[in-house]
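Protein chains: 2
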Amino acid sequence: MKERAILLDMLVDRVRSLLSEERYEEAAMLLEGLHPADVAEIFEELDEDEQTLLLQHMDPGVSADVLEELHEEEAAELAEELPDDMLTAIVDEMEPDEAADLLREMPEERRQRILAELEDPDEVRPLLRHPDESAGGLMTTEFLALRRRMTVADALEAVRQLAPSADPDNIFYIYVVDQYGRLVGVVSLYDLIRAEPYELIGDVMDRDVISVRSDVDREEAAAVFAHYDLLSLPVVDEDGRLVGIITSDDILDVLEEEATEDIQRLGGSEPLDKPYLDTSPFEVMRKRVGWLLLLFVTASLTGTVMKLFQGDLSRHIELTYFIPLLIGTGGNAGSQTTATIIRALAIGEVDLRDALSVLWHEMRVGLLLGLVMALVGVLRALTWGTPFPVAEAVATALILLILWATSVGAVMPLIMSRLGIDPAVVSGPFMSTLVDATGLFIYLQTARLILG
Amino acid sequence: MKERAILLDMLVDRVRSLLSEERYEEAAMLLEGLHPADVAEIFEELDEDEQTLLLQHMDPGVSADVLEELHEEEAAELAEELPDDMLTAIVDEMEPDEAADLLREMPEERRQRILAELEDPDEVRPLLRHPDESAGGLMTTEFLALRRRMTVADALEAVRQLAPSADPDNIFYIYVVDQYGRLVGVVSLYDLIRAEPYELIGDVMDRDVISVRSDVDREEAAAVFAHYDLLSLPVVDEDGRLVGIITSDDILDVLEEEATEDIQRLGGSEPLDKPYLDTSPFEVMRKRVGWLLLLFVTASLTGTVMKLFQGDLSRHIELTYFIPLLIGTGGNAGSQTTATIIRALAIGEVDLRDALSVLWHEMRVGLLLGLVMALVGVLRALTWGTPFPVAEAVATALILLILWATSVGAVMPLIMSRLGIDPAVVSGPFMSTLVDATGLFIYLQTARLILG
Chain G
201 MKERAILLDM LVDRVRSLLS EERYEEAAML LEGLHPADVA EIFEELDEDE QTLLLQHMDP
261 GVSADVLEEL HEEEAAELAE ELPDDMLTAI VDEMEPDEAA DLLREMPEER RQRILAELED
321 PDEVRPLLRH PDESAGGLMT TEFLALRRRM TVADALEAVR QLAPSADPDN IFYIYVVDQY
381 GRLVGVVSLY DLIRAEPYEL IGDVMDRDVI SVRSDVDREE AAAVFAHYDL LSLPVVDEDG
441 RLVGIITSDD ILDVLEEEAT EDIQRLGGSE PLDKPYLDTS PFEVMRKRVG WLLLLFVTAS
501 LTGTVMKLFQ GDLSRHIELT YFIPLLIGTG GNAGSQTTAT IIRALAIGEV DLRDALSVLW
561 HEMRVGLLLG LVMALVGVLR ALTWGTPFPV AEAVATALIL LILWATSVGA VMPLIMSRLG
621 IDPAVVSGPF MSTLVDATGL FIYLQTARLI LG
Chain L
201 MKERAILLDM LVDRVRSLLS EERYEEAAML LEGLHPADVA EIFEELDEDE QTLLLQHMDP
261 GVSADVLEEL HEEEAAELAE ELPDDMLTAI VDEMEPDEAA DLLREMPEER RQRILAELED
321 PDEVRPLLRH PDESAGGLMT TEFLALRRRM TVADALEAVR QLAPSADPDN IFYIYVVDQY
381 GRLVGVVSLY DLIRAEPYEL IGDVMDRDVI SVRSDVDREE AAAVFAHYDL LSLPVVDEDG
441 RLVGIITSDD ILDVLEEEAT EDIQRLGGSE PLDKPYLDTS PFEVMRKRVG WLLLLFVTAS
501 LTGTVMKLFQ GDLSRHIELT YFIPLLIGTG GNAGSQTTAT IIRALAIGEV DLRDALSVLW
561 HEMRVGLLLG LVMALVGVLR ALTWGTPFPV AEAVATALIL LILWATSVGA VMPLIMSRLG
621 IDPAVVSGPF MSTLVDATGL FIYLQTARLI LG
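Sequence lines, in order, name chains G and L.
Position in the first sequence (from 1) plus 200 gives the number in our numbering.
Position in the second sequence (from 1) plus 200 gives the number in our numbering.
These are calculated hints, taken from the structure and not from any lab test.
Some clues are possibly wrong.
Stated by the list, open to error - Just the calculated beta-carbon pair ranges, DEER-fashion:
hint	chain 1	residue 1	chain 2	residue 2	range
1	L	348	G	621	29 to 39 Å
2	L	408	G	552	24 to 34 Å
3	G	345	L	206	49 to 59 Å
As the list claims (entries may be wrong) - Not everything, but these chain L residues come out facing chain G in the computed CB check (under 8 Å):
hint	residue
4	341
5	365
6	386
7	390
8	394
9	427
10	441
11	469
12	481
13	488
14	499
15	535
16	551
Said to hold, decoys possible - Computed footprint of chain G on chain L; a stretch qualifies when at least three of its residues, placed anywhere within it, have a C-beta under 8 Å from a C-beta of chain G:
hint	segment
17	297–308
18	510–517
19	536–542
20	625–638
Where a beta carbon is used, it is the ideal one built from N, C-alpha and C, also for glycine.
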């Protein structure tokens with residue numbers, strides 16, 4: 201991909217210099233021959249003034265493609281800079297679901313102005329009723345639905361009659377509805393080509409059509425899509441009427457965004473709303489400061505625990521040497537567990553019904569890890585010249601502590617999931633914070649019991 | 201999805217009891233009507249003996265579908281339990297790329313035996329030459345390729361002549377090759393239906409066909425697929441000859457697996473090779489113990505740093521109270537940064553060319569976080585009754601430490617990426633380990649300078 205990166209850089213420079221020389225048409229023309237995904241990538245390297253200039257000079261169809269590829273928030277910021285008539289021309293060329301996403305980000309007044317001017321506002325308007333996070337917010341109204349009584353020849357003719365602007369990737373499957381508009385089957389273009397022209401759609405269609413309700417969470421829609429290896433997923437309303445379809449590009453975006461959110465949460469940050477480099481340092485700070493502040497609470501709890509065992513610590517000063525090691529081990533063992541469990545929950549490898557199996561699994565893992573670490577800990581302590589009873593206390597504490605950390609790490613994400621909270625909030629920093637003081641308590645209590 | 205989970209549970213129980221009563225045919229029949237993805241899900245709840253019994257009694261076509269849906273390692277373990285003739289019948293029904301994945305996991309001798317018995321070994325054999333992690337290892341040989349000189353009518357006839365066993369989802373696009381087999385264009389079924397029967401494929405095809413070389417990493421193939429919103433991606437050899445296609449279900453699997461690996465690495469564990477609950481506790485322990493052991497090294501480094509500043513610590517005993525807080529803050533700030541940067545690298549939001557922007561971004565974030573934490577730290581220290589110069593040292597150290605942690609957190613994944621190592625190895629535990637001793641040094645050195 202190296203050659204590609206160099207090429208993109210050159211194109212960015214060329215567009216920049218054309219724009220600075222006010223040769224706007226040439227800059228726009230340079231981009232219009234490329235794939236929209238590549239134009240969007242070049243776009244992201246430009247600053248907002250340059251982007252606005254280009255959008256004003258490119259063909260509305262190309263501008264529409266580019267806005268579709270950009271992150272929603274970025275597209276909305278650019279849209280703000282465009283006059284109404286230009287924006288309307290672009291939105292007219294966008295796919296209905298992408299147009300709805302963009303309109304959702306606008307102030308109410310402007311949204312209504314643009315909607316009133318659109319060529320076909322009825323394609324977009326119903327989509328605006330669905331929340332962004334639902335299957336309805338993900339679907340497009342651009343699909344083909346036929347009736348059972350039609351023949352294969354009629355169906356092929358219907359495909360031929362579609363407007364040239366229709367996106368072929370949305371028409372690989374044709375959905376079949378009854379007289380009330382309820383989804384009753386699906387037939388692929390492949391099936392149509394292979395069927396005899398006089399056959400009825402009702403006879404060649406597949407009745408086992410998988411669909412989701414428009415009000416399910418978009419994450420659930422993505423899970424269904426991936427589970428059944430679909431290429432498009434029909435969306436129905438509460439009465440089973442077909443209202444839209446979700447296409448695979450939207451699913452890829454959802455899966456990518458959800459994994460990004462989980463990873464950012466696991467790292468101890470609230471998910472960012474925009475791509476990283478487009479998020480201001482102040483905004484990034486705001487997303488991260490929460491977990492860092494929480495540490496102040498733990499730090500005082502740790503202090504409280506240490507005060508509780510002041511006597512033991514001053515009698516066996518060697519115990520203190522192992523505090524950072526013990527605390528660190530607990531936090532790390534906990535983070536390892538939560539990362540694994542959170543991901544297993546996200547991809548459906550485990551669910552709440554597996555809670556006991558997961559706990560039992562992690563307890564065995566914790567015991568094994570504890571035994572290995574205890575062995576290494578004893579060797580370490582003895583080579584440091586630590587008295588044997590202290591080494592014994594450290595080893596026992598390591599086993600108990602790791603067992604505790606893996607168990608808490610297994611249970612916390614499951615509890616969050618049960619409460620309907622994203623399990624990924626049980627981040628690494630959360631676990632360190634949780635295990636620090638409790639782990640210290642386990643360590644010192646063990647030491648007190650062993651050292652008497 | 202709750203009703204669905206209950207339903208699946210009931211089916212699992214029913215299959216179990218039928219199997220225990222040796223009513224194998226009925227158990228197999230119960231499953232044969234379901235979607236393969238659901239059969240696979242039920243399968244995963246059964247133990248290995250039950251799974252083997254079912255595979256022996258189900259229709260080979262259904263067994264093939266189920267093995268395709270299972271994780272490769274699980275499918276291979278089940279295949280071990282089946283006699284050669286039964287396994288051959290199942291592999292015959294599998295898609296070529298899935299068959300190759302399964303054969304790759306077998307011992308050489310058995311692989312050759314099965315290959316020799318297959319109905320169409322030439323569909324599978326070329327796929328075995330490609331490593332599992334490459335685009336070639338992901339592709340299937342089941343695709344339709346036509347010549348430019350053919351008419352649209354010929355092309356439609358070719359679609360009609362395909363074996364009924366062909367997977368329609370692989371045939372939405374038809375690829376066009378020249379006399380040397382080199383990929384020169386693509387045409388969709390949609391285009392074929394809309395074109396006139398006498399038109400030439402060379403005239404209706406799209407010449408801008410995006411492809412990847414068979415030897416690129418499968419992660420790169422997935423990135424191209426997602427970048428261009430494709431539904432299938434043709435794979436070519438070093439001479440540009442079409443050798444296979446990658447379908448979207450494989451891409452979804454790759455993206456899911458790669459995100460899972462990244463998340464497990466970020467949590468401080470080596471990626472697991474199998475689904476979590478199917479990985480033995482011993483294996484899970486082995487994947488995690490590395491980072492935990494590394495802490496022993498840091499712990500001694502931390503001890504060394506503390507010895508270095510023994511004098512200062514005994515003169516200003518209040519300094520010690522803040523050690524856990526300072527170390528924890530550094531580790532957490534570092535993990536927050538690496539999680540964000542690693543993900544941004546993985547989804548292409550940033551690349552090596554952005555190294556300086558990323559560093560500059562994180563330094564500003566670090567400064568802001570440092571200022572907030574310093575303010576809170578000073579307030580905290582003063583309410584604890586800490587002497588003002590110590591509070592000043594803590595505040596200054598917090599700023600420097602967080603700045604250090606975010607900078608290191610930004611740079612480390614970029615360095616790994618530059619060295620061709622997966623940036624996700626810069627996990628939370630790695631960062632804590634790295635920042636612990638250095639952070640302590642920064643803190644105590646700052647204190648020494650301020651307190652004199």
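So, going through the hints one by one against the coordinates:
The hint said 29 to 39 Å for the Cβ distance between residue 348 of chain L and residue 621 of chain G, and at roughly 57 Å that hint is violated. Look at residue 408 of chain L against residue 552 of chain G: about 48 Å separates their beta carbons, and that is not inside 24 to 34 Å. For residue 345 of chain G and residue 206 of chain L, the Cβ-Cβ distance of about 32 Å falls outside the hinted range of 49 to 59 Å, so the restraint is violated. The interface hint given for residue 341 of chain L is violated, since its Cβ lies 18 Å from the closest Cβ of chain G, which is over the 8 Å cut-off.
Nearest Cβ of chain G to the Cβ of residue 365 of chain L: about 13 Å, over the 8 Å cut. The hint is violated. Because the smallest distance between the Cβ of residue 386 of chain L and any Cβ of chain G comes to about 11 Å, over 8 Å, the interface hint for this residue is violated. Interface restraint check for residue 390 of chain L: the shortest CB-CB distance to chain G comes to about 4 Å, inside 8 Å, so the restraint holds. With a cut of 8 Å, the hint placing residue 394 of chain L at the interface with chain G holds, because the nearest CB-to-CB distance is about 5 Å.
Restraint check, residue 427 of chain L versus chain G: the minimum CB separation of about 5 Å is within 8 Å; hint holds. With a cut of 8 Å, the hint placing residue 441 of chain L at the interface with chain G is violated, because the nearest CB-to-CB distance is about 21 Å. Of the supplied interface hints, the one on residue 469 of chain L holds, with its beta-carbon coming within about 5 Å of a beta-carbon of chain G, less than 8 Å. Look at residue 481 of chain L: its Cβ gets to within about 4 Å of chain G, closer than 8 Å, so that hint holds up.
Checking residue 488 of chain L against chain G: minimum C-beta separation of about 5 Å stays under 8 Å; hint holds. Hint on residue 499 of chain L holds. Least Cβ distance to chain G is approximately 4 Å, under the 8 Å limit. A hinted interface residue such as residue 535 of chain L counts as satisfied when its beta carbon comes closer than 8 Å to some beta carbon of chain G; here the least separation is about 5 Å, so the hint holds. The interface hint given for residue 551 of chain L is met, as the beta carbon of that residue sits about 7 Å from the closest beta carbon of chain G, less than 8 Å.
Counting residues of the segment 297–308 of chain L whose CB lies closer than 8 Å to any CB of chain G gives 0, which falls below the minimum of 3, so the coverage claim is violated. With 0 residues having a beta carbon nearer than 8 Å to a beta carbon of chain G, the segment 510–517 of chain L misses the requirement of three or more and the stated coverage is violated. Coverage of the segment 536–542 of chain L by chain G holds in this model, with 7 residues showing a Cβ closer than 8 Å to a Cβ of that chain against a need of three. Here the segment 625–638 of chain L counts 5 residues with a CB under 8 Å from a CB of chain G, which clears the bar of 3, and the coverage holds.
In terms of the numbered hints stated before, the structure departs from hints 1, 2, 3, 4, 5, 6, 10, 17, 18, listed from lowest to highest.
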